[in-house]
Amino acid sequence: MLTKLAMTGFQKRWRDYLVLFSGLIMSSAIFYMFEALATNKAFLKQNTSISMVGMIFQFGSVLLTIITLVYIGYANSFLLSMRKRDYGLFMLVGARKGKIGQLIWLETLLVGITATIIGIALGSLLTMGLSQVLINSLGLTLHHLAAWYFPAALTTLLLYVGLFIIAGFFNLIALTKTPALKLLHSNDQPNRPKLKPVRQLVEVIIGLLSISIGYWSMANLDKLQLAGIGIALVTIVLGTYLLFNAIFVWLIVLLKRLPFANRGLNGFTLSQLSFRIRNYTKILAIVAMLFALALGAITVGMGFHRQVPLMANGTSAYDMGIVNTTSQQQAQIKALKPTTETTYHFKIGKKAVYYRASEFNAQPFATMSPVGKTQLKFKLKRLDAQKLTKSYERYQFGQLQGSAQQQLATTMVSEQQYQSLTQPEQRLTVFVTKDVVANQAALKKLAASQQKRDHALQGQVLGGRYSGYQMVNGMYSGLEFMGFFLGIAFLAMLASCLMFKILSGAAADQHRYVMLAKIGTRTSELNNALRKEIAVLFILPGIVGVVHVLFGLKMFSFIMIGSPYTGIWLPFLIFAGLYLIYYLITVQIYRRIVLQ
Amino acid sequence: MSTTPIMTVTDLHKTYGKAGSKQYEALKGINFNVNAGEFVGIMGASGSGKTTLLNMLATLDQPTSGEVTINQQPITHLKGNRLADFRAKEIGFIFQDFNLLETMTAYENIALPLTLQNTAAKKIKPAVEAVASHLGIAEFLNNYPNELSGGQKQRVAAARALINEPAMLFGDEPTGALDSKSARELLDLFTTINREQAVSILLVTHDPFSASYCQRILFIKDGKIGQELNRADLSRQDFYQQILDTLGTFEQ
Ligand SMILES: Nc1ncnc2c1ncn2[C@@H]1O[C@H](COP(=O)(O)OP(=O)(O)O)[C@@H](O)[C@H]1O
Ligand SMILES: [Mg+2]
Chain A
1 MLTKLAMTGF QKRWRDYLVL FSGLIMSSAI FYMFEALATN KAFLKQNTSI
51 SMVGMIFQFG SVLLTIITLV YIGYANSFLL SMRKRDYGLF MLVGARKGKI
101 GQLIWLETLL VGITATIIGI ALGSLLTMGL SQVLINSLGL TLHHLAAWYF
151 PAALTTLLLY VGLFIIAGFF NLIALTKTPA LKLLHSNDQP NRPKLKPVRQ
201 LVEVIIGLLS ISIGYWSMAN LDKLQLAGIG IALVTIVLGT YLLFNAIFVW
251 LIVLLKRLPF ANRGLNGFTL SQLSFRIRNY TKILAIVAML FALALGAITV
301 GMGFHRQVPL MANGTSAYDM GIVNTTSQQQ AQIKALKPTT ETTYHFKIGK
351 KAVYYRASEF NAQPFATMSP VGKTQLKFKL KRLDAQKLTK SYERYQFGQL
401 QGSAQQQLAT TMVSEQQYQS LTQPEQRLTV FVTKDVVANQ AALKKLAASQ
451 QKRDHALQGQ VLGGRYSGYQ MVNGMYSGLE FMGFFLGIAF LAMLASCLMF
501 KILSGAAADQ HRYVMLAKIG TRTSELNNAL RKEIAVLFIL PGIVGVVHVL
551 FGLKMFSFIM IGSPYTGIWL PFLIFAGLYL IYYLITVQIY RRIVLQ
Chain B
1001 MSTTPIMTVT DLHKTYGKAG SKQYEALKGI NFNVNAGEFV GIMGASGSGK
1051 TTLLNMLATL DQPTSGEVTI NQQPITHLKG NRLADFRAKE IGFIFQDFNL
1101 LETMTAYENI ALPLTLQNTA AKKIKPAVEA VASHLGIAEF LNNYPNELSG
1151 GQKQRVAAAR ALINEPAMLF GDEPTGALDS KSARELLDLF TTINREQAVS
1201 ILLVTHDPFS ASYCQRILFI KDGKIGQELN RADLSRQDFY QQILDTLGTF
1251 EQ
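So the sequence lines, in the order shown, correspond to chains A and B. Each residue of the first sequence is one higher than the one before, starting from 1 at the first, in our numbering. Each residue of the second sequence is one higher than the one before, starting from 1001 at the first, in our numbering.
Same shape as in the complex, but just chain B (with noise of 0.2 Å):
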């Protein structure tokens, strides 16, 4: 496994609020690197600022003051049309409520990061069909949203942050709404896609089964990182348990 930092983040500090008014630190420095193919988690009680960290990695917020760069490209500064490309091109997302357009199919969801970079039609369909096949939604390519159950949908979501060839992949939550079945089945799937395809993948979660996917997991509580867990060796039912034993001491 190659170890260039595909991710590095530096004394990130986030404070909501505008100076005078009611002021609320949620980062309080984070530093950590992300490694070239790793599957990382992040995990921590309601309001111990996972989202905020998420959105200020995947440049959707800005810091109040530390550095991300993603491909040795520094990422919080980023404005206007470098930010929408860059997001188009280097990163992917998943969030929690699908975040998927309601108002077109399947097929359609899939093929927008292309039709945005007004790829050749030609070369679209059967990308989209590749990545269809490859997450087993293929029959559903013609329904809308609202025809898929939450399973289907979260894959839909997925195909759509993978078409592009990512650096990058995100996840906020993204079984939250699952089932415990279809959430497996995600799961399954972001792991088969980070060993053969090689994307980095960050995911965010308070749930320990999630977790238990993932080769590093971060603990963040009250803004900071309080501890590193490494998969290593470990079968995941072994991980699993070493992380319930972890936020036993953790949470306390």
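So that you can see chain A by itself, here it is in the shape it has in the complex (with noise of 0.2 Å):
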């Protein structure tokens, strides 16, 4: 009886239990997703060679844990204020507290043990698809990525079990040790928004000294190393809390006395987020966090991107070396535009290769050097015979020969010594494109039609700028790919928190609109109304979060070739671009809630 009571429950409010699923599914995909890089050591190992990448990994599975247990509180809270009601009735005609209890707990964990498992799957769907739309679009080359992974699966379930074990639990002693009457009539109250000033004044000042301490040890990784991190994840959470909290009631009140609110709706909608602003300073804080974190992964890895021709550029100064180059061959090179085509001869004895020194003093051979401390910056040298051969960067020439002379020593003759020899001269073509990714392409048939000739001439004997270019993108391949799919994955969790707690509320702001209507309010005023408010609790996250980014990116100026500030404007448009899309789509929904 009772058990078909609480399905008729169910039906009446599957639209809710829509809200309710689909949160729960997303957060427990984007964690897998997350868990399946971070737990998988094989891939860690493999695709980064910084080992501070993998104690990243292991914060950011916290922190995620932590805004898990967040979100599961409001989705408890949001099914707990869904089924009070009828679980009230359920008393009143004299159902027994045990019995109920049971209904209660048995619902929370079905409702999670559901939605973890549809959202495990979902996970692995998306890590596939987003992990091949990222290696054919950024041209990644990745090794032990697996979209279905046992541990982290096992991780997910446990974690989110666990949770709604708890849940069930909290939900049983408030349900039954609440009278039933209470249960039926309790509705939202307004708080009244109280300018606390001594109050509001210290939590001003805390939260920006926290965020200060967190900024700084960002900036001073180097010397804080790993604990740098924790101390800023933890400050600057705090921090935006503190801030949040203080500031928000403050806004309101004062805008509430401007003329502007005097007009239209604006006063309903101040006066919808000022009820609000409880519930909503704790979100708006892990939103700005993740909208941090999300922005942050995004431009770290776009950094990279740009990074990998930098670094090539400064592994030769010419993009690939051919031994006595074919006529066909001749036809490619000069396809390519070359802006510098060299051509030195040289004949094989038994323990070196001669070379005339004269071509090199006509011709002088250029390397790049790097300088600096960091070891990033780079300078173009043209060294000439004598300079080449005392050069440490002479690596750079003998890498661009053949695999044959590779092994003997390089040796500058005098014209004399050169024309006594009686070997047959050989010819070794080096030349240099305008842009080494841009002829990708058509470097790489070069590359393989002189490895056909020189089958010793394999992956990074091959020298230049060319095989340069491959070495340091399937090293920064990992960190790129990370840096993108941590990115949308906190993104997504950002926006169906955000989501999640918007569209929560909506159901109780239903009858607000329509009040609304009944009094004569054109529809696309309340449009306007409801396009704000959301607006509002969009923008307020992400302006914080932009500014903790921009703080942030200092971490990784000591492992990135100039500035981690420069072209950050296109990271930051693309998530502008993607969180305009989950506005749009709040917007969209909560109107159709509200509104029918």
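Misleading hints may appear alongside valid ones.
[Said to hold, decoys possible] Some chain B residues well away from chain A (every beta-carbon gap over 10 Å; in silico):
{"hint": "1", "residue": "G1017"}
{"hint": "2", "residue": "A1019"}
{"hint": "3", "residue": "E1025"}
{"hint": "4", "residue": "D1222"}
[As the list claims (entries may be wrong)] Which residues of chain A face chain B? A partial, calculated answer using Cβ under 8 Å:
{"hint": "5", "residue": "P259"}
{"hint": "6", "residue": "G267"}
{"hint": "7", "residue": "S271"}
{"hint": "8", "residue": "Q272"}
{"hint": "9", "residue": "F275"}
{"hint": "10", "residue": "R512"}
{"hint": "11", "residue": "M515"}
{"hint": "12", "residue": "K518"}
{"hint": "13", "residue": "G520"}
{"hint": "14", "residue": "T521"}
[Stated by the list, open to error] Calculated cross-link-like contacts (lysine to aspartate or glutamate; reagent style EDC-like; alpha-carbon spacing at most 20 Å):
{"hint": "15", "chain 1": "A", "residue 1": "K347", "chain 2": "A", "residue 2": "D454"}
{"hint": "16", "chain 1": "A", "residue 1": "K4", "chain 2": "A", "residue 2": "D16"}
{"hint": "17", "chain 1": "A", "residue 1": "K518", "chain 2": "B", "residue 2": "E1102"}
{"hint": "18", "chain 1": "B", "residue 1": "K1089", "chain 2": "A", "residue 2": "E525"}
Hints listed in this document are in silico derivations from the structure and should not be mistaken for laboratory results. Where a beta carbon is used, it is the ideal one built from N, C-alpha and C, also for glycine.
Build the complex: two chains, separate frames, hints provided.
Here it is, written out as structure tokens:
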């Protein structure tokens, strides 16, 4: 009987359950996506040369767990508020508390486990899709990436089920300890926005202080090492929360006093916001944090992407070297429109390869040599025969030769000595194009044709910028991928957090919008009001998130060529676009709920 | 008293349910007029179609057929912005469950119709204060609805309905959720507003006591108007007795 009653409640509220389910499914899918990378040791080892990345992932894991905790807390209170009335009614008609407790517990767990399992399945699909898209569009090479990774699935399931068991007990206590009548009439009460100047001032000061500590430790990561990331995470989350808490109330009370509040539905929108203020400060702080992490990850990912050709350009001053070019290869090189093309002649002796010094004096060989402490900047040097033999960078010349020559010493000889050698003369052609990345397809063909003629010439034995690019790309692909992947995962998490929070209040808002329509508010004005209200909730954490990112990027200055800030408008723009789409979707769903 | 009708209702029908599915005819041809400045009551048992009728008259729902005019303007086919503007300017509502926005203070609730029309801020404050002091709620203006009693809430709702000086005021069982003292106060208030500001009032109720404040009562039964009572020069007590007698025969 009671089970039947519970089921009818379920049917009546399928729309609310849909919001609840989709929120939970998204959350567990994203958690799985993250864990699929974070717990995959082989993938991390293979794809990152920087040991800190593994640590960053562990911190990310902890952070995501905390967020999940809060998220499930919200989901659960949503579920609870949805069922309160129904269960209150059951109690009034005389159902036993024990029986009801059982039902609540079962329902919570059932909802949780179903959503988690679907979420994990969705998560592995998303992992597969997203990694394919990223690999194809960024030209990445990745190894050991598995969309289905059992340890990740297990971690996700255990965490979520554990949390739902706790939530179930919480619901059991909350519902059975409350008198039936109170359950029936538990409605949202407005909390009068209060100004407590002293307390809020203290909040602002502590908030600013802890955010400054966070920014400082991110800027000094080279000294603080791992502890710096931990400090930054804690202080920035705390500071953001305190600032939101203090400033949000002020802002609305202030805005309400302006003439602006007397225009159209502005006053209504402000009241809506202040009505929710306390509920929203927590979620806004979290969203600001997620926003910063997502935007930061994408920016860093893009930074690495930009990094690859820069690093590759530092490996050699020439794209490729080819011994004894065929006429076909000659034509291929010509088609690439090289900015420099030089041919050196040589003869191979028993122990050495002999080059004519005069040729090098007439056409100096260019090398790239690192400068500065970080060794991340390069200078072009042109070396004649004598300088080249003494230079540390002479290996850059050696690598451009064929596989046989690379085994032997390079010797510069005079014109006379060269003529006296009886071996046949051979040619080494070196060239450089404008852009190794843009020309990579043609360069690949050229390299393949040469590797066919010289079988020992494989992989890194093939010197020059082209193989340098391939090496660096392989090295950074993992980092790039993680940046984009995490950025998108965090963004999805953020959006579903915010969307969920906003939509869970929509049912309560519905009667207010109906009421406004009854007293003669135009539909266009209602639309504007809800657009504004949701926009505020999206923009506030967005601004704070951007500020966090701008400071946070400093962390990466010691592993990047140049400033991590160059060209950040692009990831910011992409991110803003994605964020806007989420905003529009939220408005659309919300509108459908409140305006029918 | 003027005899030009402020509202005319002609052959109004309402059928719930789509063609083909289970249908229920709630209104079966309603005809009557309300004169400017009149205080008219509509009485009937629960389920007789009172709310349905009021919703048609107050533009909250569309009739299946028939015509309603308010201030010579046909209203049954109003849509979109014209409908919204008509509601905002020409009519006011008071509902049984108050329908106040609990996120806003009494002041903000009352001012809402004015801010919606972008009335100058300078004019809003005196207007709200005037209507509030008239209705005896001046001291509660900064309270939120959950800090007010039922009677106070209903007076705030009345203030919101009146601030635009509507041609017609509609009430659907406005005393339904009030104790008898608050109900009496609200009804006295309606009488005063009706007399002093010449606002036409249409009150829907199933309660004879509330109905006794009206000048004319239409009895509705099974979707039709069955009988009409005029108060004329009777005292309220005598009119009340007459209503009770009428109900005794009418409801059988
Ligand atoms: N939206 C609706 N759909 C179907 N039937 C309705 C609807 N609203 C009211 N009714 C029916 O119309 C009749 C009149 O209802 P209503 O006007 O609310 O009565 P009253 O207000 O006099 O109590 C009732 O039998 C009711 O069941
Ligand atoms: Mg009714």
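Here is what the structure says about each hint:
1. G1017: Holds, because the least Cβ-Cβ distance between B/G1017 and chain A comes to about 19 Å, which exceeds 10 Å.
2. A1019: For B/A1019, whose nearest Cβ neighbour in chain A is about 22 Å away, the distance exceeds 10 Å, so it holds.
3. E1025: The assertion about B/E1025 holds, with a minimum of 25 Å to chain A.
4. D1222: holds (27 Å)
5. P259: Nearest chain B Cβ about 5 Å off; hint holds.
6. G267: Result: holds, 6 Å to nearest chain B Cβ.
7. S271: Constraint on A/S271 satisfied, holds at 4 Å.
8. Q272: holds (6 Å)
9. F275: holds (4 Å)
10. R512: Holds: closest Cβ of chain B sits about 6 Å from A/R512, inside 8 Å.
11. M515: holds (5 Å)
12. K518: holds (6 Å)
13. G520: holds (3 Å)
14. T521: Nearest chain B Cβ about 6 Å off; hint holds.
15. A/K347 x A/D454: holds (17 Å)
16. A/K4 x A/D16: holds (19 Å)
17. A/K518 x B/E1102: holds (16 Å)
18. B/K1089 x A/E525: Between B/K1089 and A/E525 the Cα gap is close to 16 Å, so the pair holds against 20 Å.
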